[in-house]
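With the hints as your guide, set chain B onto chain A.
Here is what each chain is made of, one letter per residue.
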Amino acid sequence: MRSELQESDKGDSHRRHQRGRLKRKRCIEAFEKNYEAILSREESMRDVAVIGVGMNRWGELWEKSMRDIFVEAALAAIDDAGVDHIESMYVGCMTSGLFVGQEHLGSLMADYLGVASIPATRVESACASGGVALRLGFLEVASGMSDIVLVGGVEKMTDVSGGEATYALSTAADQEYEDYQGITFPGLYAMMAHRHMYDYGTTREQLAQVAVKNHQHGSMNPLAQYPFKVTVEAVLNSVLVADPLRILDCSPITDGAAAVILCPVEMARKMSTKPMVQIIGSGQATDTIALHSRKDLTWLSATAMASERAFQMAGVGPSDLQLAEVHDCFTIAEICVIEALGLVEKGQGGKAAESGLTALGGKIPVNTSGGLKAKGHPVGATGVAQAIEIVKQLRGDAGERQVEGARLGLSQNMGGTGGSTAVHIFRRG
Amino acid sequence: MSTSARYWREIPQRYRLEAGKCKKCSRIAFPPRLVCPSCSSREFETVRLPDTGTVLTYTVIRVAPTPFSDEAPYAVAVVELKGGTRLTAQIADCPLDSIKIGQNVKVEFRRIRDEGQAGIICYGYKCVPIVS
Chain A
1 MRSELQESDK GDSHRRHQRG RLKRKRCIEA FEKNYEAILS REESMRDVAV IGVGMNRWGE
61 LWEKSMRDIF VEAALAAIDD AGVDHIESMY VGCMTSGLFV GQEHLGSLMA DYLGVASIPA
121 TRVESACASG GVALRLGFLE VASGMSDIVL VGGVEKMTDV SGGEATYALS TAADQEYEDY
181 QGITFPGLYA MMAHRHMYDY GTTREQLAQV AVKNHQHGSM NPLAQYPFKV TVEAVLNSVL
241 VADPLRILDC SPITDGAAAV ILCPVEMARK MSTKPMVQII GSGQATDTIA LHSRKDLTWL
301 SATAMASERA FQMAGVGPSD LQLAEVHDCF TIAEICVIEA LGLVEKGQGG KAAESGLTAL
361 GGKIPVNTSG GLKAKGHPVG ATGVAQAIEI VKQLRGDAGE RQVEGARLGL SQNMGGTGGS
421 TAVHIFRRG
Chain B
430 MSTSARYWRE IPQRYRLEAG KCKKCSRIAF PPRLVCPSCS SREFETVRLP DTGTVLTYTV
490 IRVAPTPFSD EAPYAVAVVE LKGGTRLTAQ IADCPLDSIK IGQNVKVEFR RIRDEGQAGI
550 ICYGYKCVPI VS
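Chains as they are written, first to last, in the working numbering: chain A, 1 to 429; chain B, 430 to 561.
So that you can see chain A by itself, here it is in the shape it has in the complex:
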């Protein structure tokens, strides 16, 4: 009896061993299969087109509610696309709860757009909410889950006082270890600016040149909140917010919305009469939320990684681009971003605006829309509005500020001090 049991145990053990081996083999096979799937994933994705864009004038829209601002932009995008329905929508918004006491935006906006019943999702990634919403919309169409998707963004910021707005925006930083000490967003970027000046010799005038350039561009954008030009002297004489940054180094508080319609390229070819614009690359990345946790205080590693992923997907590089819309929430931000995107060498960002490299007519025009600086920065809408500027440029619809022969453009949208970033690459045709 005993030996039988032992025999049986032995047999069980042998069978268990065999089963284990089989299981492992299957695991390895499954992994290899999955690995192949990962490699071929991009091939199995559908190509995605932007077939409609919608945006109205940004600014201090006292007479309009957040829902109306959003719906106006969404309707403009739907009309531009010429579609009679949408299947799903994303709403990028940073903090409507703090700005207007309203959350649950997916439902609210679907309801007031008259499409209640469709899936509608609010997306939050601080000031990158719009860019991340765009990525989710892109993935939904690329995956085959939906054909016609609306991606919008909105922020209604002027219903609260300046102090409350500063507080609302500061929630994108580490509340307990940055904000608690009395730092603000201008303060965090000011610390990046001081370090950039210290490490690379970037000058106060070079920071001002970014504002001058973006206001010059913005003066040609009828939808911009501040479509006027500024001079270096005006920037240098404007009031200090957080040394060395002055008020004209900062993007404004803005009410605004923006929306785009995405669909598969094959469908766009059949139904759209406008020049084809495709999203050929999408990348997203994160970094530490606190600025002080980063080894290099002026290197935006999430922007570098997100753009690397987007460039890889698109099969192009920084030198192939004809324009870029980047997140210039402060003048120093544009300088650090163009370095992380590889448009200039690390440390050379300060010279770009000064030399005209990034101006209209330069080698790589940056922020032809006026950027966040002149166009305005309703945080949740910004990432979507960047996509709209690129689409207009690639369609050849950018009017006075048209970049001649634009075929490839990039948008870069980041949250906080760069704790999150979404990058998209667009191609005409």
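Incorrect hints may have been included.
Here are the simulated lysine to aspartate or glutamate pairs, EDC-like style, with alpha carbons at most 16 Å apart [as the list claims (entries may be wrong)]:
no. : chain 1 : residue 1 : chain 2 : residue 2
1   : B       : 450       : B       : 472
2   : A       : 295       : B       : 509
3   : A       : 363       : A       : 397
4   : B       : 535       : B       : 499
5   : B       : 529       : A       : 404
6   : B       : 511       : B       : 447
Footprint (simulated), chain B over chain A, 3 or more residues, beta carbon under 8 Å [stated by the list, open to error]:
no. : region
7   : 116-122
8   : 194-205
9   : 237-243
10  : 290-296
None of these hints come from the bench; they were simulated from the model.
Built from N, CA and C at the ideal position, the CB exists for glycine as well.
Same frame as chain A, but now just chain B:
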């Protein structure tokens, strides 16, 4: 804007600079974390951070958030403590135009702000220049 529970939970860090030291790779996390960002270990011991360091970068806040509106202008810096841990802290007790990158500072226990309608006084760390 915030609650007292949110404040007292952080007291070991704010009053005593308590950090977590990874038992596997010795990386110090401030504030303490549950997972080591370097080696993914989940085992830490509590250590106290050194109280001296240098200014890596700084700013002077002129437009302050509501809890600090009576304090402006004041200086805030990213400070690297001896051993490499970094934190954000105000620089106190010196003329605002005297602050420099590379300056040596000492961490001190200070009043940070009042909170809520009851005016709870919140304490924490600020840095002061080391006069040599």
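Hints versus structure:
no., hint, result
1, B:450 / B:472, "holds (8 Å)"
2, A:295 / B:509, "holds (11 Å)"
3, A:363 / A:397, "violated (20 Å)"
4, B:535 / B:499, "violated (24 Å)"
5, B:529 / A:404, "violated (46 Å)"
6, B:511 / B:447, "holds (14 Å)"
7, 116-122, "violated (count 0)"
8, 194-205, "holds (count 3)"
9, 237-243, "holds (count 5)"
10, 290-296, "holds (count 4)"
In summary, the numbered hints that this structure violates are 3, 4, 5, 7.
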